[in-house]
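Enquirer: Chains X and P are the protein sequences, given in the same order.
In case it helps, our numbering puts the first sequence at residues 1 to 317.
In case it helps, our numbering puts the second sequence at residues 1 to 233.
Calculated from the structure, these hints are not laboratory results.
Watch out, some of these pointers could steer you wrong.
With a Cα cut of at most 25 Å, we get these calculated DSS-like pairs of lysine-lysine [said to hold, decoys possible]: (1) X:K158 x P:K148; (2) X:K187 x P:K51; (3) P:K148 x X:K160; (4) X:K158 x P:K150; (5) X:K160 x P:K131; (6) P:K189 x P:K175; (7) P:K97 x X:K187; (8) X:K160 x X:K48; (9) P:K206 x P:K97; (10) X:K139 x X:K231; (11) X:K48 x X:K187; (12) P:K131 x X:K158; (13) X:K139 x X:K48; (14) P:K148 x P:K175; (15) P:K97 x P:K39; (16) P:K183 x P:K206; (17) P:K131 x X:K93; (18) P:K148 x P:K131; (19) P:K175 x X:K166; (20) P:K153 x X:K160; (21) X:K160 x P:K150; (22) P:K45 x P:K28; (23) X:K187 x P:K148.
Each chain is listed here by its residues.
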Amino acid sequence: MNNLKPMRCIGASLFAALMGLLFLAGFVSGASAQDTPDAGPKPSLVVKPMESHIDNITGHAANAKSDYRRYCAGCHGDYGDANGENAVWLDPKPRNFTLATFKCRSTLTGTLPTDEDLYNTLVRGIVNSNMPVWNTFTKQQRADLVAYIKIFSPRWEKEKAGEPIKIPAEPPVTIDSIAHGKALFTKLECWKCHGPHGEGDGPSASTLTDSQDNPIRPYNFALGKNDSRFKCGSTNQDIYKIFMTGVDGTPMPSFADVIQPNDAWDLVHFLRTLQIHRHGKENEVLMSAHGVIPPYVDKNPAPAAAPADNKAPGGGQ
Amino acid sequence: MRRKPILIALLTLLAGSSLMFAGTVSGKVTYTGTPAHQKAIDMSKEPSCAKQHATPISTETVVTGANNALENVVVYISAGAPDEGQVPTQAITYTQKGCQYLPHVLPMHVNQEFEILNDDQTSHNIHPLPKVNIEWNKSQPPGSPPIKEKYDKAEFIEVKCNIHPWMHGYFAVLKTSHYDVSKEGGDFKLPNLPPGKYTLTAWHEKYGTQTADVTITGNETKDVNFTFKATAY
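All chains should be built: construct the whole structure from the sequences, respecting the hints.
Expert: Here's what the structure looks like:
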């Protein structure tokens, strides 16, 4: 209703609209005659002319139609509603694209992910889930699929993707940085869900459900070997993005409004030490400190700091 | 300067006329049958909240009072509202205190800004679960600034804190500011209604909705009562 614009030249617009309608009618009926003989009560799917932009490549939804049907619909459903024939067997459930809620974003909670975010998910796949890695596709195919994902929710026509959060350069890993990260893990109460040692066993862990009411477990940092990854990436930058922007559609909240950018890096460094089997700078620094994270001393305490009422669980109690 | 007296005259006239023709709808919300027993909440995992309650509080899915009164029912004008699209500028707040949402149900106008406060000494995450509005999920540690938000579509939205699974509340996003929430005794009141035909809807988080039609002709008070059928589960 509110996007009706005054028509400047009614004649021309009418003509254009008529031509558009004729074209659409031809296109849709042609398409439905071709490949939806068994669509049943559902209306035939209109592939909206959505696009994606990855570097210098433009993806077109129309070009991904057969790839989507062949490779994605079995889980995500022909209509993007997560009702593919395999979906009942899967835990976690495939993403429902009609909701336009995505876990892996560089953008703030509640906003749409960027094209790169979706593209990177296709390159990476999602560990600890049935979402496969799609590295046999060409870049163009993946870009087309990213555009195709957008046909399922009207949000993609009304809204722009969110702005990617700004990430300052990573400071060096030091034992002080790790100690501060640990203090933040305690103060921000990540442990309530993830557990004092990041093993996914915090006091609230057993009660958690995702936004579709399916039980969900907090990430267990201690599991996995040297290659342990996250759903939304494996680099320090990825971890930074994950807790700052939140994992939408799950209990994992966004902390972008409550953690200062440099403090966030300290938290990243501490989280790496919870991945006890990982060989990395963070665990090396910890090892050279004989495996002990010293208590964090705030060098510039805030004048009116809120009294800390919570008992600190700490990693090394 | 010359305009001022006219303006004042106009304003008094306006105020006067709306006073003259301001109708009111008021009434009571009650239930029949036996509502489900509300369980006492065990907050021992969150001592800083537990100690704020001398006796443990109960879940608030169904809150009742004497004489079968039903509280926390949102009563609002669902058709004929004279103020659709008139977004109030006055701020409204939703407070987390003692690991409870105050109020349990927060009505608001579509696009009206509201503030979420954390008065507790523990972190909460505010996770409203809309179906038609946009979903977000934010952490709010003690001492952080208020979270300011608004919703652009009418909807009843369940609100959760995933850290404290007993915390449950609702946002009632409405196309009007003519609303009330039934209080102790089940009473509600919608004042300042210009003459017209209205549909009233009463919404309860567990027992659903009921509607009633009412016509206001002038300066009068109309009685409308709602009775919900309680279920024992």
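Enquirer: For a quick check of understanding: which of the numbered hints are violated here, in increasing order?
Expert: 11, 19 and 22
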